[in-house]
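*Asks:* Spelled out, the chains give:
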Amino acid sequence: MSATAKPYGILARFDTAADIFEAALRVRDAGYRKWDVYTPFPIHGMDEAMGLRTSKVGYFTFCGGLTGFSFGMWMIWFMNKFDYGLVVGGKPLFTPLFAFPVSYELTILLSAFATLGGMLFVNRLPKLYNPLFRSETFKRASNDRFFICIEAADPKFAEARTLLEAAGASAIELVED
Amino acid sequence: MNLSLFFKRMFALLACAGVVSFGTLRLAAAEHAEPAAAAHAGETTAVEHMEAAGGHAGGHAEAPEPTFVQQFLYSYLTAYMFCLSIVMGALFLVILHHLFDASWSVPIRRVNEQLACLAPVMGVLALPMLILGPDIYPWMSIDPATDHALNVKKILFNRPAFTVLLVGIFALWSFMALRFRKWSVAQDKDGAAIWTRKARVQAAWGIYVFAFSLTLAVFLLMKSLMHQFFSTMYGVYYFAGSVWTTLATVYGIIRWLSTRELKRVIFPNTIHYIGTLFFAFTVFYAYIHFSQYFLIWNAALPEETFWYVKREAGTWWDVGLLILFGHFFVPFVILLRIDTKMNILVMGPMIAWAWLMHYTDMTFNVMPVLYPKGLHVTLLDPICWGGLSAILAYVFWKNFKSAAPFPLKDPRLKEALTHHEVPAPGTAAAHH
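These protein sequence lines are chains A and B, in that order.
Heads up: the first sequence runs through residues 1 to 177, numbered per the numbering used here.
Heads up: the second sequence runs through residues 1 to 432, numbered per the numbering used here.
Bear in mind the hints are in silico, worked out from the structure with no lab data behind them.
Cβ atoms here follow ideal geometry from the backbone N, Cα and C, with glycine treated the same way.
A portion of the hints provided could be inaccurate.
Unchecked claim - Partial chain A-side listing against chain B, Cβ under 8 Å, derived: (1) L97; (2) F100; (3) N130.
Turn these sequences into a full structure, and let the hints guide you.
*Replies:* If you want it as structure tokens, here you go:
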């Protein structure tokens, strides 16, 4: 908009999934760090094509599961043996055996919660605004076009336009912050 | 920052916790040994009483010294059930592949087909059980009129039914496995989709036939060793352990062949998927075996509990714990991470461990009938296991060499080869 606005990044449009896949490989191999790919649908292998490492979400899942399991065991021990001992069916007041199904379900439940929460946290979601929304053509990212955005914060930003052109972008524009 | 190291330490800690709780449980068992033994004795007496009321006194608790033939046959049966696991697991993987119209498993399908085609060999190897049955299965020497438990099950547990059903089941398995392979090999020549279509139709009815026939076969071959026992999930319990062992085996075969015959068609993703399935069945097995144990424990009916009570006697208790930790807990913790599933230095020993654990599981099912006092390993065990494995490995390899190492013209092959694969960093220019 105004001349003082600093650029957010450079946005390149691609027409096919194959094109953007090739382009992602090139951007990855050129050593860019601060960039992302926007596609209307998931593209198999894009994680590796972008050089992304294994997601950290698994660690959240693991902690959630461990919490759920321990909590289930503790809860049943506390309620059935410690706080208010109750004999059911002639079984011991507490044994991991009958606490297991509940702990197991809680493992899964809290794993699922932690996975969802962890995914949102790692992705820094929810995010109410993104400078890319300024771009008219970017709207087609949810329909039939594929985009790569290299952010201005990347140290190699200066050569970004040349690279994206060489990679076969059908349109390139500068997006302001 | 170094989250990965932190979690590696967490895993190590968990493994230590497992070992410690193992020891604690053992101690707890020792402390309560006396009342527990009394309780068990009470239950055993109830079962023996039931048997005695039917006129069959004696039972298994005071089994006479086993003869050499019996020792051999029990070792043979244990090894046989181990090997049958891998063959049936492979048949299941072929059926699964066609049911889901999978693409990733096309390059490994020929190996599964060839493993499944060992079914006729397993049929021949079942002859000792068919001919020398009375030396293995106590019910074959009991008059149903004198044993209530046998009397109500005699429609299944009689020698003609035993023989006819097992022959029929092996014929059915062989029929299915050989047809899968025949169509797959036929497709190598013309690449016609009709072969895939035929296999898919067979997979659709085959999955039902597989489930019922495997359950029936396991009831006859292994569960009938203690014919008083009830467990409708015994078949799926054997199935879960079987597919687990098969996946370990297939993982090993594929890793090895990926440096040879399958060099150009096996990618990291293929390995990862087999590892993931292996992990899934680690959990599934634990789920099923726990469910069987838990339901029996919870209901506390003597007709069912005696089976586990006998497996808590003497060192069988420790074998049970070994299965709990070795068959489930340790593999579960090790296989959680993606990188361990891909690492042959971890997975190599893991495969050997899975074989050992499944063999232990089979021992846990078969041997307490012959050795009620505790685990009893003889030289016959490794001899039978080695002999059967050698025969099957030889036939497998001979068959494998006689056809193409993977389905050459499967319509989904191209998808399997290009679909998920991404060139390594620094090689983008070479990729088209």
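*Asks:* Tell me the hint numbers this structure goes against, listed in increasing order.
*Replies:* 3
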